[in-house]
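Take the sequence shown: its position 337, counting from 1, is numbered 340 in our numbering, and each next residue is one higher.
Just so you know, not all the hints are guaranteed correct.
Derived DEER-like restraints, expressed as beta-carbon distance ranges [claimed, not checked]:
#  : residue 1 : residue 2 : range
1  : A154      : V467      : 53 to 61 Å
2  : T42       : L437      : 38 to 46 Å
3  : N282      : Y383      : 14 to 22 Å
4  : F221      : L437      : 43 to 51 Å
5  : D261      : M381      : 48 to 56 Å
6  : D473      : D404      : 14 to 22 Å
7  : G44       : A154      : 44 to 52 Å
8  : N282      : A154      : 21 to 29 Å
9  : Q451      : A154      : 44 to 52 Å
10 : E332      : T42       : 49 to 57 Å
11 : W63       : T42       : 45 to 53 Å
Bear in mind the hints are in silico, worked out from the structure with no lab data behind them. A virtual CB, placed ideally from N, CA and C, is assigned to each residue, including glycine.
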Amino acid sequence: MFLRWKVEARHRHDTPLHPFTPSPTFALSSADLLNASATEGYQTISNEIRLIGESGRLQWLVGGFYAQEEVDAFTRLEFGVDTGRYLCGLFTANTVASCFNATGFQPASITTSFIGDNNFNPNLVIAGEGSEGIFDVSSRSWSVFAQGTWALTDRFSATLGLRYIDDHKEGTGDNTVDNTVALTDNNSLPPFLGLVNDFTAEVDDTALTGTFNVQYEFTPDLMVYASYSRGYKAGGINLDRTSATVVTPLTGAQPVADPTFDPEFSDNYEVGMKSQWFNNSLGLNLTAFNTEFEDLQILSFTGLAFIVETMPSARTRGVELESYWEPVEDLVFTAGVTYADTEYGSGSLLTQSLPNPPINLTGLHFTNAPVWSGSLGMAYSWDLTSNLEGYFNINGFYGSDRSTSSAQGPDKEQEAYELINFRMGLAHAAGWDLALWCRNCGDTEYYQVLFNSVYQNSATSPNVDGYIGDRREIGLTLSVDF
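Kindly generate the complete structure, drawing on both the sequences and the hints.
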C-alpha cells in the first residue's frame, strides 16, 4: 500500500485594474455622447488538500478545497457635450434647429410613452455629469472530492469520481446620479443609463458532480474509451446597473431584472479512440461527444455592459479528429477537424440585449461556434551546430460561418474565413532565440464580434458596430533566458 498527501495554497491580493475611459468613442461615434470609466479590485485565497494512495489494482485520492474572493468595482457613465441634443433629435418631433436652441424648447409633439416629459430641455443634460455605481461581491466556496481507478485487468480499467460543492455569494450595488434634473424621467430610459436602483443580492448553490469512464487497451498503441461526467458552473451576481427586462416605445419600462443568475449544469457523454501507428510516426485520435446543458450561462451585451444570462436548455454534439505524422525525424505534420452542432433549446430568450424586445434564440447555434473548424500545421527543426538549431513552422486555421453576437441576426454573421501563421528562427543552447514571424499572413479581414451600436439604436432600425480581428502582423523577436 502506498500513501502520499499534498497541500496547496494560493493567495492573490487586491489587484486593481487600470481605469479605462474610452471617451468619446465609447458610443463608437465621432459625437461626444457618452463617456465611461471603471476600476476593479479583488482579493482571492484558495487552499486544497489531497491524500493519494494505491492498494493493489486500485489507485485513489480524496481531498478538499476552500476558496474566498472579494471583488469591488466602480463604474461611471458621463454625459458628453452632444448628449442632450442627440436625445432631443432622436426622440422628439422637433427640428434640428430647435434641438440646438440655447434656451431650450417646448416640443409640439413628443413620444411621451418613451420620454414621459413634454418639456424636454437638452441643455439640462450637462456634460461631465451622469451616474455611477459602486458594487461589491464576496464569495465563499468549499468542496470535498474522491476518485478511484480500478485496473480490472491488465487492459481494462474503470474510473469513478464524485465531488460535492457548496457556493455562497452575496453582493450589493449602490447607484447614484449627480444630474438629477436631466434624469427626472430616468426610469423611462433604461437602455441608456440603467434604472437608478440599489440592490442587495445573495446566491446559495450546492451541487453533486462526478465522472465515470471505462477504457480498454487492445494494444499498448490502441486504446478506446467511453465516459460520462456531470458538470457544474456556479451562479452569480452581475456587477452592473440593473436595466429593465423589456423596453419598447409602446410599453415603456417593465419589471426590473434580477441581478443574479442561476448555476449551470451539464451532462457530458464521450466515446473515443487514441492510437499510434508505424512505430509512433502516425497518431490518430477520434472523439464523438454530446453535451446537454441546463441553464446555460451566456454573456450578453446590454448596450453599456456585458452581463450573464441563462438559457433554460441547450446542447452540443459532434465529432473531432486529431492527427500527426512524422515521416522523417524532426519533420511533423498535424491536422485536425471538428464538426460541432450546437443549438439553444426551447424558450431561450435573450432578455437584456439591444434592440428590445427579447430575442428568441431557440434552435439557433451558439455564439462564435462554427459548425466546421479545422487546422493544418507543419514544423521542422534541424541542427546547424552542436549548440545551434534552426526551426520553421507554419499553421493554418479554418472556421465556417458563425454568429459573433448573443443578440443573433443576419447582421451579426461572420462568413467563413482562414488564418495562416508562420514562424522561423534560430535557437541557441545558451538560451537565446531569434525569430521572424507573421500572424494572419494572408491579411484576412474578419470580425471578432458584431453588436448593436451603443446609444444609437431603436427596435426598428438597429445600427451595428464591430471589432475587427488583428490584421497581418510581421515582426522580429529576440528572447534571452537568464
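14 to 22 Å as the expected CB spacing between Y383 and N282, which holds or is violated
Since the Cβ atoms of N282 and Y383 sit about 19 Å apart, the hinted range of 14 to 22 Å holds.
Using the C-beta atoms of T42 and L437, is the stated range 38 to 46 Å upheld?
holds (40 Å)
Could you see if the CB distance from D261 to M381 stays within 48 to 56 Å?
Roughly 52 Å apart at Cβ, these two residues keep to the hinted range, so it holds.
Do the Cβ positions of W63 and T42 conform to the proposed distance bound of 45 to 53 Å?
The hint (45 to 53 Å, Cβ to Cβ) holds, given that W63 and T42 are roughly 46 Å apart.
For the hint 44 to 52 Å, verify it against the beta carbon of Q451 and that of A154.
holds (46 Å)
Please check whether E332 and T42 have a Cβ separation lying inside 49 to 57 Å.
holds (54 Å)
Check the following: the C-beta atoms of F221 and L437 are separated by a distance inside 43 to 51 Å.
holds (46 Å)
Taking 44 to 52 Å as the stated bounds, is the beta-carbon spacing between G44 and A154 within them?
holds (49 Å)
So does N282 sit 21 to 29 Å from A154, Cβ to Cβ?
Taking Cβ atoms as reference, N282 and A154 lie about 27 Å apart, which means the hint holds.
Taking the Cβ atom of A154 and the Cβ atom of V467, is their distance within the range 53 to 61 Å?
Given about 57 Å between the Cβ atoms, the range holds.
Please test the hint of 14 to 22 Å on the beta carbon pair from D473 and D404.
holds (20 Å)
Of the numbered hints listed earlier, not one is contradicted by the structure.
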